[in-house]
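Visitor: Protein chains in written order, with my numbering: chain A, 23 to 115; chain B, 23 to 115; chain C, 23 to 115; chain D, 23 to 115.
Take the hints with a grain of salt, since some may be wrong.
It does not matter which identical chain is used: a pair holds within one copy or between any two.
[As the list claims (entries may be wrong)] Calculated pairs, SDA-like style, for lysine to any residue (alpha carbon to alpha carbon, straight line, at most 20 angstroms): (1) Lys92 to Gln103; (2) Lys114 to Asp59; (3) Lys114 to Cys86; (4) Lys114 to Glu97.
If you're looking for bench data, these hints aren't it; they were derived computationally from the structure.
Number of protein chains: 4
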Amino acid sequence: MAGYHGSTDQYLTRLRRIEGQVRGVQRMISEDTYCIDVLTQISAIQSALDSVALCLLEDHINHCVVDAAKRSDEEGREKVQEATHAIARLVKS
Amino acid sequence: MAGYHGSTDQYLTRLRRIEGQVRGVQRMISEDTYCIDVLTQISAIQSALDSVALCLLEDHINHCVVDAAKRSDEEGREKVQEATHAIARLVKS
Amino acid sequence: MAGYHGSTDQYLTRLRRIEGQVRGVQRMISEDTYCIDVLTQISAIQSALDSVALCLLEDHINHCVVDAAKRSDEEGREKVQEATHAIARLVKS
Amino acid sequence: MAGYHGSTDQYLTRLRRIEGQVRGVQRMISEDTYCIDVLTQISAIQSALDSVALCLLEDHINHCVVDAAKRSDEEGREKVQEATHAIARLVKS
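So that you can see chain A by itself, here it is in the shape it has in the complex (with noise of 0.2 angstroms):
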């Protein structure tokens, strides 16, 4: 069971909300909104983003990763590395 698996509406809906802003910004760009709003509507896309990965981080932390380690040390190393790739490509992205 995935760790976020409490919160799957609320996820739900934020994700919803993202899709929304991401056909708002097609139709910006459909009638030639000027640049510099579109590209402030993708930075605002991109940090909505930005916390829904966060907070899914910090669910799969609370459960699988505190799970694993609880189960055995190797085990929790191995989820906390997976973990660290995860946060790398989220810090490069």
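Add chains B, C and D to chain A, keeping to what the hints say.
Guide: For chains B, C and D alone, coordinates are given in the frame of chain A:
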């Protein structure tokens, strides 16, 4: 006329793909997919948004900023400052 | 005892190298080096800092967070929240 | 002549401060300071580097890019592409 005016269709194609990726993350969440796989997909969406934003920025500088600078130094500096603020938001998001 | 305690020397070596890179950028500026080359060097420093931070984070989760979670769920959640805030600052910086 | 030529002293002052901050992190590591406090300081250095880079970028576009565009459209596009690649490295680092 926006700096990206000549490439509207390409931008819309890329943004529709991103919209589909966001829906894909919704499906992953609904199907209780492992957290790290969801995070990987969110990072992929952020990279796709980054590259759309960078192309928009290049179009904007090539057209709106350069045209303003050719009209007057002052107009040019204002447009460059505005673009730099947009870049700062991208760097921070 | 800090989570990175066993790797202090490696961290100090990496940080001294970064210190040297910052001095290198000062030299480039003093020598009126082309802007793009200076920017490239700053990005290299940021990537080096990112990787130091990610290693510190991995050590921190492996030790401080996991140890706290083993003591009590509540302590664990507090440490995970604290770590997530640190990750958020990394993602935004 | 580099686009930042008129502000060399200000840039050197900011970079020396950043150099001092990196040495500060070394001290924190030597004193076994709590990981989160070290991470917070690294994020502060990243933000300081971001703002130096953004100022350099603004100077570069105002001078090198605009001057090239005034000489010829082709030279202008080359400089804009080069600047966009530098921005991409900043966004990814």
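Visitor: Now tell me, hint by hint, if it's right for this structure.
Guide: Hints, one by one, checked against the model:
Taking the shortest alpha-carbon separations for Lys92 and Gln103, both the intra-copy value of 16 angstroms and the inter-copy value of 18 angstroms come in at or below 20 angstroms. Taking the closest pair of Cα atoms, Lys114 and Asp59 come within 20 angstroms of each other only across two copies (17 angstroms); inside a single copy the shortest separation is 24 angstroms, beyond that limit. In the homo-oligomer, the alpha carbons of Lys114 and Cys86 never lie at most 20 angstroms apart, since the shortest distance is 23 angstroms inside one protomer and 25 angstroms across protomers. In this assembly of identical chains, Lys114 and Glu97 lie within 20 angstroms of each other by CA distance neither inside one copy nor across copies; the values are 26 angstroms within and 30 angstroms between.
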